[in-house]
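Mind docking chain B with the ligands on chain A? Use the hints.
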Amino acid sequence: MPKVTIDGHQIEVPDGTTILQAARMIGGPIVPPAMCYYSTLKTSGGYCRTCIVKVSKGSEKDPRPMPKPVASCRTTVMDGMEVQNITSPEVVEARKGVVEFLLLNHPLDCPICDQAGECHLQDLAYEHGMAKTRYEFERRTFEKIDIGGKIKLHMTRCILCYRCVKVADQVTNSRVHGVMNRGDVAEISTYIENVIENDFSGNVIDVCPVGALTDKTFRFQSRIWNVNPMDAHRDCPKCAGKVTLWMKGDVVARVSARKDKYAEVIDWICNECRFEKKELQDWVIEGPTNIERHSVISQNHYTLKEPSHKPVLNAVDAVDSSSTSNSGN
Amino acid sequence: MGKNLLLEHDHVPGIQSYEVYRKHGGYAAVEKALKQLSPEAVVEEVKKSGLRGRGGAGFPTGMKWSFLAKPEGVARYLVCNADESEPGTFKDRYLMERIPHLLVEGMIASSFALGAKSAYIYIRGEYFYVSRILENAIDEAYANGWLGKNILGTGYDLDLYVQVGAGAYICGEETALLESLEGKRGNPRIKPPFPAIAGLYGCPTVVNNVETIAAVVPIVNMGGDEYAKIGIGKSTGTKLISASGHINKPGVYEIELGVPVEEFIYSDEYCGGIKNGKQLKAVVAGGSSVPILPAHLILKTANGEPRLMSYESLADGGFATGTMLGSGGFIVMDEDTSIVKNLWNFSRFYHHESCGQCSPCREGTGWMEKILHRILHGHGKLSDIDLLWDIQGKIEGKTICPLGDAAAWPVAAAIRHFRSEFEEYVKHPEKIKDVQHYYRLNSLSEA
Ligand SMILES: Cc1cc2nc3c(=O)[nH]c(=O)nc-3n(C[C@H](O)[C@H](O)[C@H](O)COP(=O)(O)O)c2cc1C
Ligand code: SF4
Ligand code: SF4
Ligand code: FES
Numbered sequence: 001m002p003k004v005t006i007d008g009h010q011i012e013v014p015d016g017t018t019i020l021q022a023a024r025m026i027g028g029p030i031v032p033p034a035m036c037y038y039s040t041l042k043t044s045g046g047y048c049r050t051c052i053v054k055v056s057k058g059s060e061k062d063p064r065p066m067p068k069p070v071a072s073c074r075t076t077v078m079d080g081m082e083v084q085n086i087t088s089p090e091v092v093e094a095r096k097g098v099v100e101f102l103l104l105n106h107p108l109d110c111p112i113c114d115q116a117g118e119c120h121l122q123d124l125a126y127e128h129g130m131a132k133t134r135y136e137f138e139r140r141t142f143e144k145i146d147i148g149g150k151i152k153l154h155m156t157r158c159i160l161c162y163r164c165v166k167v168a169d170q171v172t173n174s175r176v177h178g179v180m181n182r183g184d185v186a187e188i189s190t191y192i193e194n195v196i197e198n199d200f201s202g203n204v205i206d207v208c209p210v211g212a213l214t215d216k217t218f219r220f221q222s223r224i225w226n227v228n229p230m231d232a233h234r235d236c237p238k239c240a241g242k243v244t245l246w247m248k249g250d251v252v253a254r255v256s257a258r259k260d261k262y263a264e265v266i267d268w269i270c271n272e273c274r275f276e277k278k279e280l281q282d283w284v285i286e287g288p289t290n291i292e293r294h295s296v297i298s299q300n301h302y303t304l305k306e307p308s309h310k311p312v313l314n315a316v317d318a319v320d321s322s323s324t325s326n327s328g329n
Numbered sequence: 001m002g003k004n005l006l007l008e009h010d011h012v013p014g015i016q017s018y019e020v021y022r023k024h025g026g027y028a029a030v031e032k033a034l035k036q037l038s039p040e041a042v043v044e045e046v047k048k049s050g051l052r053g054r055g056g057a058g059f060p061t062g063m064k065w066s067f068l069a070k071p072e073g074v075a076r077y078l079v080c081n082a083d084e085s086e087p088g089t090f091k092d093r094y095l096m097e098r099i100p101h102l103l104v105e106g107m108i109a110s111s112f113a114l115g116a117k118s119a120y121i122y123i124r125g126e127y128f129y130v131s132r133i134l135e136n137a138i139d140e141a142y143a144n145g146w147l148g149k150n151i152l153g154t155g156y157d158l159d160l161y162v163q164v165g166a167g168a169y170i171c172g173e174e175t176a177l178l179e180s181l182e183g184k185r186g187n188p189r190i191k192p193p194f195p196a197i198a199g200l201y202g203c204p205t206v207v208n209n210v211e212t213i214a215a216v217v218p219i220v221n222m223g224g225d226e227y228a229k230i231g232i233g234k235s236t237g238t239k240l241i242s243a244s245g246h247i248n249k250p251g252v253y254e255i256e257l258g259v260p261v262e263e264f265i266y267s268d269e270y271c272g273g274i275k276n277g278k279q280l281k282a283v284v285a286g287g288s289s290v291p292i293l294p295a296h297l298i299l300k301t302a303n304g305e306p307r308l309m310s311y312e313s314l315a316d317g318g319f320a321t322g323t324m325l326g327s328g329g330f331i332v333m334d335e336d337t338s339i340v341k342n343l344w345n346f347s348r349f350y351h352h353e354s355c356g357q358c359s360p361c362r363e364g365t366g367w368m369e370k371i372l373h374r375i376l377h378g379h380g381k382l383s384d385i386d387l388l389w390d391i392q393g394k395i396e397g398k399t400i401c402p403l404g405d406a407a408a409w410p411v412a413a414a415i416r417h418f419r420s421e422f423e424e425y426v427k428h429p430e431k432i433k434d435v436q437h438y439y440r441l442n443s444l445s446e447a
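Heads up: the sequence lines are chains A and B, in that order. According to this note's numbering, the first sequence is numbered sequentially starting from 1. According to this note's numbering, the second sequence is numbered sequentially starting from 1.
Just chain A, same shape as in the assembly (with noise of 0.2 Å):
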């Protein structure tokens, strides 16, 4: 099992493990952000490139350092590898110039957005970006469409993280939607406007960062912070039936796939529970959501938790803390 640093915190991770998922074990500020990976869909991530960290010493055998910062999330750990995030000053700058070229496009309409407070973007400028934007030129839009009868796409939003795809191409049985184009004229459609008619087609919505994909039986009805997530659970022949409902009083105002705390998806769920169940009695409630990330849904009583593992010292130090257990997040 090979052993890494990051930032000073040491890790024995399994063979196989990336830099990214070796951070989230260890946990807390020194987790890089990512745009565009997502931990339940294979071959995800290297794109938006916001999760780059700084590789100072190779590993054991190799010690070289790395020539270039490299995605987090598709490079793999070797055995005495020694990483840099927030503590190389190179990075945290290089991650603001990412997070700039991300927003250059973007509408920053966020008071409009059906997205605004659940919104990856958001989270991500007012964490690593600048405060300001040095972009001077029109942005790039689009018109919005209807890609079946209860998504709807608005490319504007758009930062071709390829989540969405990866959903289509791994959960869905037929894939109807790509990318068309290339560059910064680069579109997720469906091939002239096919209807994506799926039973599992409605997570595209979830897995998307930004407000470019939303569920039409919600759009615009409340912003999220004014619904209440609750977990609930149904009998559903199609999926697990486990979701969030988002409860505007006694009402049912939306139904999602269930997150983890870094707002990914856990278990798929199907186009029935998500749109078609919006009665109390379809659901068995279980309570509140418990909500362990940075976001206005989990109203400001949410802090960064500190690394369950102390900086490492020596390696005397190394060995005595290299548990791999969790339990301290």
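Where hints are given, some of them may not hold.
[To be verified] In silico DSSO-like links for lysine-lysine, alpha-carbon gap of 27 Å or less:
no., chain 1, residue 1, chain 2, residue 2
1, A, K42, B, K184
2, A, K68, B, K234
3, A, K61, B, K70
4, B, K278, B, K341
5, B, K370, A, K96
6, A, K144, B, K370
[Unchecked claim] Partial list, derived from the structure: chain B residues whose beta carbon lies under 7 Å from chain A:
no., residue
7, P193
8, M324
9, S354
10, C358
11, P360
12, R362
13, G364
14, K370
15, K398
Don't read these hints as lab results, they were simulated from the structure. Glycine included, C-beta positions come from ideal geometry on N, C-alpha and C.
For chain B with the ligands alone, coordinates are given in the frame of chain A:
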């Protein structure tokens, strides 16, 4: 120092056809490789030759070949990169158009060395007519027993295919090329794994440039040691240079590596000097991606030594005072050339060709183009120059494939060596001939 290995028979009438090519010693390398040498021995000759990839990066070909994984029962592929889309580079087209059988012969000898039973030539869409020439040559090679089953009775089988791309520069990047060849969207893959381990259809694959593969023919014929005697230092052999710009004799030249840049520009054997008796201002020595150098730095290194046409000499001084041999696209600019306009044109190209996968390249290339456009048309600010510098630095080294670097380097180099020219555009917009252009465009779109 004229030395012709690849273009030796370029002047022979009808060399495109199999009969003439064969009469002038064609397919001797295949005969020698298949009948006298083992695959390992051919790889060994290529290693000894010191041949370096002619597609741009200059990676030693023998070493690349020896990295090829050879798991039991798994197919291996050789793919020839004929996507040649780098502005300023047109040597592969010349070679394929004039001596198509040289590439076919190189493909057979190289495939044999690598143990590939299927090989592909991936050619850019705009070279459609060249693909016809290649296909014709391949048909002739099949008809004469150089391709197909049991070649020369040795039991070696090989099929060679030509695949035409759809006109995207990015499909010249080797992993995007493989995606495209598989029928997918031409997005570069995230490496590792490298093609030598998992390439075409997930099988071990070698991707080489047209010229690299063609050079295997003289290497097999003369032996790696002999080949290594040509050239200078670690830049062995000959190189095709596509010379363009303000010179008297633009065209494709085969040079022995190590020719002084000054001789290449001014001698009548090559470029024949600057057109209309003008002064040399700058050179982009290896295709649009490599750093531009002003006249004094392209003719001599920072140490005052004559700059040579070789991998090492052109790179002398790093990016601060040097550049790269790249793909051999040698673009010469005279004293009247606007560096700002040239850079804007290059930036426009990279903006247009970015595949859009990673955010720094997708967004940054367009941003740089727009800033350059406004400087060029008299609407720039002094702070734009620093902004450009900052943006290119935030793209370089932070992308999936080297297109991001290729977009960043020209911007960095132009500002490094010609900053005052950018300042001039900002401070004296009245001197710019086309300053009204910007207003015209704007009023047109409002009308
Ligand atoms: C954006 C981009 C475009 C490229 N275009 C070409 C090309 O047109 N032809 C080529 O031979 N190599 C091209 N390359 C380099 C290839 O990725 C690869 O390195 C080369 O084909 C390897 O062949 P070699 O070792 O024989 O040089 C390109 C690379 C990049 C990043
Ligand atoms: S629509 Fe959303 S999920 Fe799909 S690529 Fe764009 S930002 Fe990513
Ligand atoms: S650097 Fe540019 S061309 Fe290369 S993968 Fe990224 S977006 Fe595509
Ligand atoms: S999360 Fe790693 S590149 Fe996007």
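Among all the numbered hints in the text so far, which are the ones the structure does not match? The structure breaks hints 7, 8; every other hint is satisfied.
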